[in-house]
Amino acid sequence: MNWTAVKSIYAFEMARFFRTLAQSLISPVLSTSLYFVVFGAAIGSRIEEVEGVSYGAFIVPGLIMLSVITQAISNASFGIYFPKFIGTIFELLSAPVNFLEIVMGYVGAAATKALFIGVIILITAFFFVDISIVHPFAMVMFLVLTCISFALMGFIIGIWAGNFEQLQLVPLLIVTPLVFLGGSFYSISMLPPVWQVISHFNPVVYLISGFRWSFFGTADVPIGLSLLAIAGFTTLCLAVIWWIFRTGWRIRQ
Amino acid sequence: MPSILSVQDLRKSYAGGFEALKGISLEIEEGEIIALLGPNGAGKTTLISTICGITTPTSGTVTVAGHDIITDYRAARAMIGLVPQEINLEPFERVQNTVKFSRGLFGRPADPAVIERILRQLSLWDKKDSQIRELSGGMKRRVLIAKALAHDPRVLFLDEPTAGVDVELRKDMWQIVADLKKDGVTIILTTHYIEEAEAIADRVGVISSGKLLLVEGKAKLMARMGQKELEVQLTAPIKEIPAELRSDALRLSSDGHALIYTYDTQKERTGITKLLADVAAQGLVLRDVVTRQSSLEDIFVGLVKEDVA
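Protein sequences appear in the order of chains D and X. Sequential numbering from 0 applies to the first sequence in numbering that gives the first Met the number 0. Sequential numbering from 0 applies to the second sequence in numbering that gives the first Met the number 0.
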């Protein structure tokens, strides 16, 4: 393993994040605060408790997931798309590194950034609502796994994308709907039966459910299933990336 | 001299069926400068990209100091530095950081002394904390070279290092190449400027439509292929060449003041003696006699034409 290379890529990507720290943090903190004001205070005060939890607190795990998933995807996709776009990818391709090292560097950095933002949002949430975390260890694990798996997905999008429009396309058209329909703001049990069935095909449901379980101890789907879903998703992404590097798809002619 | 880079029957076909490299074989000795000369689209960049791992070969083998570029890619790539043709740099990065990054990417431990040495050598030390976007085009090219040298490669590829660069900077670049050669770095550069190959290379390879037409020592190449011109300057201009002197090898200069005779130095008989005798017999009075060696450019154009024909 070329650990020096992994470290170099990771540090290089993190440096970009810290250079723009203010803008990296202000926007998620601001948008989360707005969600709390609108959904938590204004609308939430008229909504009864969901599964024994006040609505303001109930949406916290979903809000964190929403930001973490979006951030992990956009950071990772941009991270690998940018070198492709400006041409510096030649250096990566000519360096003595394998696909795993490249992925660890880029995905590791993107996941770290997303994790950072997730934690910031969690801290912000404490200022607005009363929350307690029933399973802190599981909470951290879900958060980290989500960061990694969606950063992997973002990495794939970044390699696939041929232009900046495509880079935005998948997150906008697929990920945002999946996250919104994944129970960020409601319990799946609140949906009509047909939609409940459909929801079970949405992988994000399992993530948010598992994450919410670690906060409140209640879940839409069994916790084991949530773990299985995230493990399966991570494996799938890794397999796709392995295939990309083996065939050189969209990166090496 | 042992060969540091060995290319055997290298072929590259793209998905569309275009064959960019049609079986190239090449041995490069340690410490030499070889210039690969060819028109645009000849396959020069594809050759370099394939050796460096940016494109995958369709068939053939390449070894760097005995390390195969596919099966032993880590060892092979660690020895290679690549300066691409395009200025591919992150505009917001700082010079020093981007060079450090390159060193790390190639698995070498951080070493500020090495980075400083390289930046000083390329006159970039003053700019070490500048953002890339603040630099001039020539400086950016130097940064690319610094990045390529950051891991102490033994073989350096320079893809069109002086394309679109002014004369001053081109001379600068040649000096850098000469300095690197002194440090024992083997240099392979591509160019379509003949004078560049003529000025800095030890050997010249000519590539045209994916084939290596020839590789030879520069001097030998010129001697082998070299035609010379003999200019016989006359004291008084003439209107046309006298009938007795007429031949394909002889032409009259536009002002009628000189006869220009083209001959091959390698031939047993150059025909010079006879020409001069005939000129004297015609009663023409000579003012001066000048000979000229044909440039690499003439040789090159001749070779590529031959290949196309």
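It is worth saying that the hints were derived from the structure and are not from the lab. Remember, predicted model here, so these are calculated numbers, not experimental data. Using N, Cα and C, we set each Cβ at its ideal position, and we do this for glycine too. Any given hint could turn out to be false.
[What the hints assert, rightly or not] From the derived model, a few chain X residues whose C-beta atoms are all more than 10 Å from chain D:
{"hint": "1", "residue": "Glu85"}
{"hint": "2", "residue": "Leu88"}
{"hint": "3", "residue": "Glu89"}
{"hint": "4", "residue": "Asn96"}
{"hint": "5", "residue": "Ser101"}
{"hint": "6", "residue": "Leu104"}
{"hint": "7", "residue": "Lys266"}
{"hint": "8", "residue": "Asp306"}
[What the hints assert, rightly or not] No more than 30 Å apart at the CA atoms, straight line, and that leaves these computed lysine-lysine pairs for DSS-like:
{"hint": "9", "chain 1": "D", "residue 1": "Lys6", "chain 2": "X", "residue 2": "Lys181"}
{"hint": "10", "chain 1": "X", "residue 1": "Lys127", "chain 2": "D", "residue 2": "Lys83"}
{"hint": "11", "chain 1": "X", "residue 1": "Lys227", "chain 2": "X", "residue 2": "Lys266"}
{"hint": "12", "chain 1": "X", "residue 1": "Lys181", "chain 2": "X", "residue 2": "Lys238"}
[Stated by the list, open to error] With the C-beta cut set under 8 Å, the calculated list includes, among others, these residues of chain X facing chain D:
{"hint": "13", "residue": "Arg10"}
{"hint": "14", "residue": "Tyr13"}
{"hint": "15", "residue": "Gly15"}
{"hint": "16", "residue": "Phe17"}
{"hint": "17", "residue": "Lys21"}
{"hint": "18", "residue": "Cys51"}
{"hint": "19", "residue": "Thr57"}
{"hint": "20", "residue": "Ile69"}
{"hint": "21", "residue": "Thr70"}
{"hint": "22", "residue": "Ala77"}
{"hint": "23", "residue": "Phe100"}
{"hint": "24", "residue": "Pro108"}
{"hint": "25", "residue": "Ala198"}
Here is what the structure says about each hint:
With a least CB separation of 6 Å from chain D, Glu85(X) falls inside the 10 Å interface cut-off, contrary to its annotation. Distance check for Leu88(X) against chain D: the nearest CB is about 7 Å away, which does not clear 10 Å, and the non-interface claim fails. Listed as a non-interface residue, Glu89(X) fails to keep its Cβ farther than 10 Å from every Cβ of chain D; the least gap is roughly 6 Å. At the 10 Å boundary, the C-beta of Asn96(X) falls inside the reach of chain D, the nearest C-beta of that chain being 7 Å off.
Residue placement check: Ser101(X) does not keep its beta carbon more than 10 Å from all beta carbons of chain D (closest about 6 Å). For Leu104(X), the condition that its CB be more than 10 Å from all CB atoms of chain D is violated, with the nearest at approximately 5 Å. Here Lys266(X) stays apart from chain D, with its beta-carbon at least about 47 Å from theirs, past the 10 Å limit. With a minimum CB-CB distance of about 25 Å to chain D, Asp306(X) clears the 10 Å threshold, and the non-interface call stands.
Note on Lys6(D) and Lys181(X): the hinted pairing is violated, with a Cα-Cα distance of about 33 Å set against a maximum of 30 Å. In summary, the hint linking Lys127(X) to Lys83(D) is supported, as the alpha carbons are separated by about 25 Å, within the 30 Å threshold. A hinted pair counts as satisfied when its Cα atoms are at most 30 Å apart, and Lys227(X) with Lys266(X) qualifies at roughly 11 Å. With a CA separation close to 54 Å, the supplied pair Lys181(X) and Lys238(X) exceeds the 30 Å bound.
At about 14 Å, the closest approach between the beta carbon of Arg10(X) and any beta carbon in chain D exceeds 8 Å, and the interface hint on this residue is violated. Among the interface hints, the one on Tyr13(X) holds; its C-beta lies about 6 Å from the nearest C-beta in chain D, closer than the 8 Å criterion. With 8 Å as the threshold, the beta carbon of Gly15(X) stays out of range of chain D, its nearest partner Cβ sitting at about 10 Å, so the hint is violated. Because the smallest distance between the Cβ of Phe17(X) and any Cβ of chain D comes to about 11 Å, over 8 Å, the interface hint for this residue is violated.
A distance limit of 8 Å between C-beta atoms decides the matter here; for Lys21(X) the minimum to chain D is near 17 Å, and the interface restraint is violated. Contact between Cys51(X) and chain D, as hinted, is supported at the beta carbon level, the nearest pair being about 4 Å apart and thus within 8 Å. About 11 Å separates the beta-carbon of Thr57(X) from the nearest beta-carbon of chain D, more than 8 Å, and the hint is not met. For Ile69(X), the interface hint is violated, since its Cβ never comes within 8 Å of a Cβ in chain D; the closest pair sits about 12 Å apart.
A distance limit of 8 Å between C-beta atoms decides the matter here; for Thr70(X) the minimum to chain D is near 13 Å, and the interface restraint is violated. Below 8 Å, beta-carbon pairs count as interface contacts, and Ala77(X) has one with chain D at about 5 Å; its hint therefore holds. With its C-beta approaching chain D no nearer than about 5 Å, Phe100(X) sits inside the 8 Å limit, and its interface hint holds. For Pro108(X), the suggested interface contact is upheld, since its CB lies about 6 Å from the closest CB of chain D, less than 8 Å.
For Ala198(X), the interface hint is violated, since its Cβ never comes within 8 Å of a Cβ in chain D; the closest pair sits about 27 Å apart.
Checked against the numbered hints above, the structure breaks hints 1, 2, 3, 4, 5, 6, 9, 12, 13, 15, 16, 17, 19, 20, 21, 25 and satisfies the rest.
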